[in-house]
Amino acid sequence: MSARQLAFEGGFNGRTNKLVDGCYSYWMGGAFPILQKALKRSRTEGYIYDRAALQRYLLACCQDRRAGGLRDKPGKSPDLYHTMYCLIGLSLSQHYVGVEPSEQVTDITSVYSVPVRMMQWGAMPASLLVLGLRSNVVKPVHPVYGVPYTPLASFVKYFYALPPLTDQLV
64 MSARQLAFEG
74 GFNGRTNKLV
84 DGCYSYWMGG
94 AFPILQKALK
104 RSRTEGYIYD
114 RAALQRYLLA
124 CCQDRRAGGL
134 RDKPGKSPDL
144 YHTMYCLIGL
154 SLSQHYVGVE
164 PSEQVTDITS
174 VYSVPVRMMQ
184 WGAMPASLLV
194 LGLRSNVVKP
204 VHPVYGVPYT
214 PLASFVKYFY
224 ALPPLTDQLV
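One gets our numbering by counting positions in the sequence shown from 1 and adding 63 to each.
Hints in this document: simulated from the structure, not taken from any laboratory. Since the structure is predicted, the reported quantities are computational estimates derived from the model, not experimental observations. Just so you know, even glycine gets a beta-carbon here, dropped at the ideal spot from N, CA and C. What you were told as hints is all true, and nothing was included just to trick you.
Label-pair ranges, simulated between beta-carbon atoms: (1) R106 - P227: 36 to 46 angstroms; (2) R78 - L102: 15 to 25 angstroms; (3) L98 - R78: 15 to 25 angstroms.
Capping the alpha-carbon separation at 25 angstroms, the derived lysine to any residue pairs in SDA-like fashion look like this: (4) K139 - Q126; (5) K136 - N80; (6) K202 - Y112; (7) K202 - A115; (8) K202 - L192; (9) K100 - A189; (10) K100 - P203; (11) K103 - A115; (12) K202 - R106; (13) K81 - D127; (14) K100 - S65; (15) K136 - A94; (16) K100 - L69; (17) K103 - V162; (18) K139 - N199; (19) K100 - L192; (20) K202 - Y144; (21) K139 - L69.
Use the sequences and the hints to build the structure in full.
Listed below in structure tokens is the structure:
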């Protein structure tokens, strides 16, 4: 996966011999926190990809300073799809997100362990890396869902408080 980050541009491509595309900052970059968790790597062990290079690509090449929004590469028009995935990728490259090993839930027998394990993810303190101005910072987002943690927690609490769907269908 780390071979998908091209050295010159700093962004990710999806396949061999393809150009860098801003949306892969999420599609590839979002997989790294999950991989780092699976490998039981802590934030002190470093990143598997170059966070600063990815931010440089997104901020220098994907922004449309006249029209606003983000695009897949220079010369293309910005759109909502690329704006969303570029912003998620930017967030994941700025904040180290993961699960502290000491706080990890190991009981997976309950249906409630799924939302608990999902909500264990968070931005780790003292892990912020922001290229350029402080105003470039975006909120930390969950690497799977691509949304900030507070709305995600509200979502999980709301839907897991509902009665099971099977009771409503009978």
